[in-house]
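Chemist: Protein chains in written order, with the numbering used here: chain E, 1 to 300; chain A, 1001 to 1300; chain P, 2001 to 2256; chain Y, 3001 to 3256.
Everything labelled a hint here was simulated from the structure, so no lab data went into it. On a predicted model such as this, the values are computed, not experimentally measured, just so you know. Don't be surprised by glycine CBs; every beta carbon is placed ideally from N, CA and C. Accuracy of the hints is not assured; some may be wrong.
Said to hold, decoys possible - The calculated lysine to aspartate or glutamate pairs, modelled on EDC-like cross-linking and capped at a C-alpha distance of 16 Å, are:
| hint | chain 1 | residue 1 | chain 2 | residue 2 |
| --- | --- | --- | --- | --- |
| 1 | P | K2078 | P | E2120 |
| 2 | E | K272 | P | D2181 |
| 3 | P | K2213 | E | E248 |
| 4 | P | K2123 | P | E2177 |
| 5 | A | K1204 | E | D199 |
| 6 | A | K1272 | Y | E3251 |
| 7 | Y | K3227 | Y | E3251 |
| 8 | Y | K3213 | A | E1208 |
| 9 | A | K1155 | A | D1171 |
| 10 | P | K2071 | Y | E3251 |
| 11 | Y | K3229 | Y | E3251 |
| 12 | Y | K3071 | P | D2005 |
| 13 | P | K2078 | Y | D3044 |
Unchecked claim - The following label-pair restraints were derived from C-beta to C-beta distances:
| hint | chain 1 | residue 1 | chain 2 | residue 2 | range |
| --- | --- | --- | --- | --- | --- |
| 14 | P | Q2138 | Y | Q3084 | 22 to 32 Å |
| 15 | P | K2164 | Y | P3059 | 50 to 60 Å |
| 16 | E | G183 | P | P2188 | 49 to 59 Å |
| 17 | P | G2165 | A | K1173 | 42 to 52 Å |
| 18 | P | K2213 | E | E106 | 53 to 63 Å |
| 19 | E | D199 | A | R1152 | 35 to 45 Å |
| 20 | Y | T3158 | P | Q2084 | 44 to 54 Å |
| 21 | A | D1032 | Y | P3059 | 14 to 24 Å |
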Amino acid sequence: MHNLSVNLNGLILKNPITVASGTYGFGREYADYMDLNQLGAISVKGITLEPREGNGGIRIVETPMGMLNSVGLQNPGVHAFIKNEIPFLRQFDLKIIANINGNTIEEYCEMAEILSGEDVDSIELNISCPNVKNGGVAFGTDPNVVKEVVRRVRKSTTKHLIVKLSPNVTDIKPIAKIAEDEGADCISLINTVSGMGIDIHKRKMILERGVGGLSGPAIKPIAIKLVHDVYKTVKIPILGMGGIISGEDAIEFMLAGATAVAIGTGNFTDPKLPEKVLKGMYQYLETYKFENAHALVGNI
Amino acid sequence: MHNLSVNLNGLILKNPITVASGTYGFGREYADYMDLNQLGAISVKGITLEPREGNGGIRIVETPMGMLNSVGLQNPGVHAFIKNEIPFLRQFDLKIIANINGNTIEEYCEMAEILSGEDVDSIELNISCPNVKNGGVAFGTDPNVVKEVVRRVRKSTTKHLIVKLSPNVTDIKPIAKIAEDEGADCISLINTVSGMGIDIHKRKMILERGVGGLSGPAIKPIAIKLVHDVYKTVKIPILGMGGIISGEDAIEFMLAGATAVAIGTGNFTDPKLPEKVLKGMYQYLETYKFENAHALVGNI
Amino acid sequence: MKFSDQVKIIDKQTIQEDVFTITFDHVPEMGLVKPGQFFNVACDTTLLRRPISVCEVTPTSIVLAIKVIGKGTAFLSKLRVGDQMEIMGPLGNGFDLVEDSKVLVVGGGIGVAPLKALFEAIKPKNISTDVIIGFRDQPYLLEAFQSSADRCTVVSETDAGYLKGYVSEPLRAHLEETQYDMVYVCGPLPMLKAVAHICNEKKVNAQLLMEEKMACGVGACLVCTCKIKEGDFGFKHKRMCVEGPMFYASEVIFDA
Amino acid sequence: MKFSDQVKIIDKQTIQEDVFTITFDHVPEMGLVKPGQFFNVACDTTLLRRPISVCEVTPTSIVLAIKVIGKGTAFLSKLRVGDQMEIMGPLGNGFDLVEDSKVLVVGGGIGVAPLKALFEAIKPKNISTDVIIGFRDQPYLLEAFQSSADRCTVVSETDAGYLKGYVSEPLRAHLEETQYDMVYVCGPLPMLKAVAHICNEKKVNAQLLMEEKMACGVGACLVCTCKIKEGDFGFKHKRMCVEGPMFYASEVIFDA
Ligand SMILES: Cc1cc2nc3c(=O)[nH]c(=O)nc-3n(C[C@H](O)[C@H](O)[C@H](O)COP(=O)(O)OP(=O)(O)OC[C@H]3O[C@@H](n4cnc5c(N)ncnc54)[C@H](O)[C@@H]3O)c2cc1C
Ligand SMILES: Cc1cc2nc3c(=O)[nH]c(=O)nc-3n(C[C@H](O)[C@H](O)[C@H](O)COP(=O)(O)OP(=O)(O)OC[C@H]3O[C@@H](n4cnc5c(N)ncnc54)[C@H](O)[C@@H]3O)c2cc1C
Ligand SMILES: Cc1cc2nc3c(=O)[nH]c(=O)nc-3n(C[C@H](O)[C@H](O)[C@H](O)COP(=O)(O)O)c2cc1C
Ligand SMILES: Cc1cc2nc3c(=O)[nH]c(=O)nc-3n(C[C@H](O)[C@H](O)[C@H](O)COP(=O)(O)O)c2cc1C
Ligand code: FES
Ligand code: FES
């Protein structure tokens, strides 16, 4: 039997397969299709301080081997999450990662503080949200803002802290380094890539806000490159994601430097995908006679 | 009969369909499959001052609805281009865009000067090359370097000058603005997106240099977004590209703000694609009763 | 666990140039399949699955009727008897079935597919079941309606030998004449809107089977929302794939 | 203009679990089709086309033999008689045919496909044509070689009732015994390398049909290069799809 457990700098997963925030709700729906006990962790739908109804209009554009989404963080708010979702998820043997989103640094800190006293295993700081105070530019693209937000959230909680990076930057390396220096325990990437779709018959943008986030296999080569960039830059472990739809893809991320992986859009292609990816990983370890999953990390 | 001709700020194309640098050689090979007279323009394979043999090892990774390439500017050099390729291309009724690439600003300027005296219709400054003097970071990702290189190349030639932008930046808008301010006549985008592929069986990067350039339909939503960003920022026209494989795609680029489009990777899917895209554009103008192609530009 | 697996195609019929049916076994793991529910079908040529309503349900088999629109449905149209098809479902909430009543079924285009399953489920249980069906061109899937509806009106946008026009005209006439307890509707968005408007105006209950691009199909991704009235002025985003695709005409807010 | 269009599949045969042949009309627009040339075949499931060598050429028909490897070839394996297939070609330079000589044909796996076309073209014109074919497991496409080669040696890596081992052993033996004017080779890269090495060592002329991922297939994109000796120490990157896929063993530089 291979040892699939991996250690994300204190967050120990029984296997490297997790599901990505926003693609798996709070696990309830997929529990009808797969035994959630097979997951190493779930990163829940991005939560905010207050409940949100999300964006209006069409929220999805299918693109070649990808999709743009503009859900706009529809979620029940952090308190409903704590009350209704944590108890549900605790029925399963998996780690709970709370993906938090704010308009301001203060909101991030407040959520981190609230969650500090709750039964979650890790907090994932999603800094791809538009920064309201900073004119709507994403937090995660400005190194100075990243520094500030990670530093202050780090002070607000002693929980395991993951910082989730945006791929929409000229150079991800300094940003990853800042996150590490300011106390992140782990880095997750990539969030979605900025994109747009136009309805040529109506001659208007399909998404109400124009821009949406591109995910799915289309972005996998971009994600592999960025995971590798970050792997070369920081010492803390990486939770890699972006377009995984097979065991081979997951292996590719680990070889690029990820210690664990998240399946996002892939869940939509097959509700049993995490289970299949896990099986694929087993087979790979078997074929190439690796004793444990950790041995794959950055092994190129 | 619709008027398909478009004016790229002095460079007048009889129709908006062009082919992208590096995907069409110097036109010779595709002339066996399609009447090159149907093209508005060809941007030739990226040329350098001296001939280059290009990169070793595997040069391509197929990715979901895309491909990574690492050709490394294999080309016969600017002088062989002038001697052998311009006369061949002049047999056809199309504009010739010379795509130039340098390791240093001086090389760019020297090529621009050489080409000033030659029979090309436009010079496309490809600033996605790694800048040798600047530690290998691409010229096109540093606004200061963009300013310098465009300014100096502009002084080296009176030819129509296109500046081709890299998508691998946090914010493309200031870079486009700089190119405009420094005298570019037109902006072309997007060049390829940085990506990587790993051979999980050999456990090594597939491309010798690791990183390659992602092209094809996978990147279309990214390209549409960036074309639109630039359209909102500058007044000079845009030559849009990135993943076009149908007439609908070409229309989408024009609605996003491109005045003309280039077909790149799409040529590999079908050697007659430019002809088909042109036909699709005709049909669209017909269906929606537009008198000319210019009417589509930014019409959302 | 809910059903998500391969099924073997046991019958395939082309019923019009671009419309075909696919039949597979109704296996026990699928449980009860209600009219208005759908399966999410994987296609080799697209990343996301395609939602397809059930068109016929028997204890042993299920039929889907599909119109070729783009890449995904083109792929499905090439499948043949004996091929495997990857599906999950049944999904969504389906129609609320009204019994012992006067009902009207209104459909357009491929929207007749789910209405066929509905019709077969409610016909024997209702006092009267009238039908109005509209097509752009030549109609299809009409046999069941024509042979056993109490009244069956077919309209076509082109001159195809049927009443020319849209469903809204006969609908208004029907509603004037008869007091229906329920109107069941499925068709393209403009039709849904028009029918909802008329039914709301006439204060007749109507169930709309809505359509929206989906990704997960199970309620996890929140890309398929429908704006639903909440209180007097507010709204809530409900998931088309879970709380829908059936919504009551009275609760839907149609934007734009 | 060169040929790039749809062809109709007129025959399809499964010759092993994962190997099949597809036959289509040899239309005049294709012109002369040489052994060693290939067609670039479009697949619905992949962005890029798949290069496939001609396996049989007659004045009226062309046969491709294909082994299922991944998404593209899996798609092709599902095509049936009557379906359209989008192809362009013939492409590449093919084999240089030697006449009135003693020749040896060496192949491995699906590499026998182009060698079959070659063999049928050269057999009647040469003094003697010997053949060595290697398979990982069960062989296929052997009839022509076995029935009319002067000598036909089949090896298999597994114990499949054939000589066990690789082609290199019988190759060395053949080269010791006979003075061949040309060796024609096609197979997986390690085999090509090994055969090229042996032939160079023994100073026997050998034509290798090489394989490399392609994109355009016509020489425009430069992703399919082969390192070819130029002068005593230099090299040139030649295009596998135009100057190749056939290169002489003496000119190829095998990296790594
Ligand atoms: C709950 C539900 C049930 C459905 N039931 C059925 C059914 O029983 N039978 C059936 O044939 N179809 C049904 N559909 C519609 C079906 O899912 C779409 O036709 C299908 O997804 C189109 O996929 P495609 O890949 O063929 O087209 P795409 O390639 O996705 O689309 C091609 C073009 O058509 C447009 N388009 C895509 N989908 C639609 C649409 N739904 N309406 C109008 N234009 C569209 C796109 O914008 C694009 O321009 C149902 C949809 C939903 C949400
Ligand atoms: C000039 C030329 C002629 C050819 N002639 C024939 C022919 O006559 N018959 C035939 O069956 N094939 C032939 N091939 C090979 C054929 O093109 C490939 O098998 C095919 O491209 C694989 O595509 P796929 O989509 O099925 O696999 P992919 O999905 O592209 O690949 C699946 C996996 O296999 C690996 N792989 C891909 N291609 C190859 C390869 N060529 N060798 C080993 N591993 C590979 C990939 O890295 C990947 O991991 C020829 C190739 C060339 C260049
Ligand atoms: C519908 C959808 C909703 C998402 N919502 C969130 C979110 O709330 N918070 C977050 O950090 N990432 C969110 N993401 C990004 C994913 O977690 C993931 O980073 C990205 O999709 C790339 O992975 P993939 O290609 O496997 O989907 C969302 C992605 C999708 C497709
Ligand atoms: C094989 C290949 C070679 C390329 N070479 C060049 C080049 O020499 N100069 C350049 O400016 N762009 C080059 N490009 C980028 C294309 O011109 C184009 O910007 C990019 O591929 C996006 O368009 P596409 O998705 O339609 O291919 C190359 C692209 C490919 C695929
Ligand atoms: S499609 Fe995902 S919530 Fe409806
Ligand atoms: S495949 Fe493009 S040059 Fe050979």
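Chemist: Starting from the hint list further up, note which numbers the structure goes against and sort them upward.
Modeler: Violated: hints 1, 2, 3, 4, 5, 6, 9, 10, 12, 18, 20.
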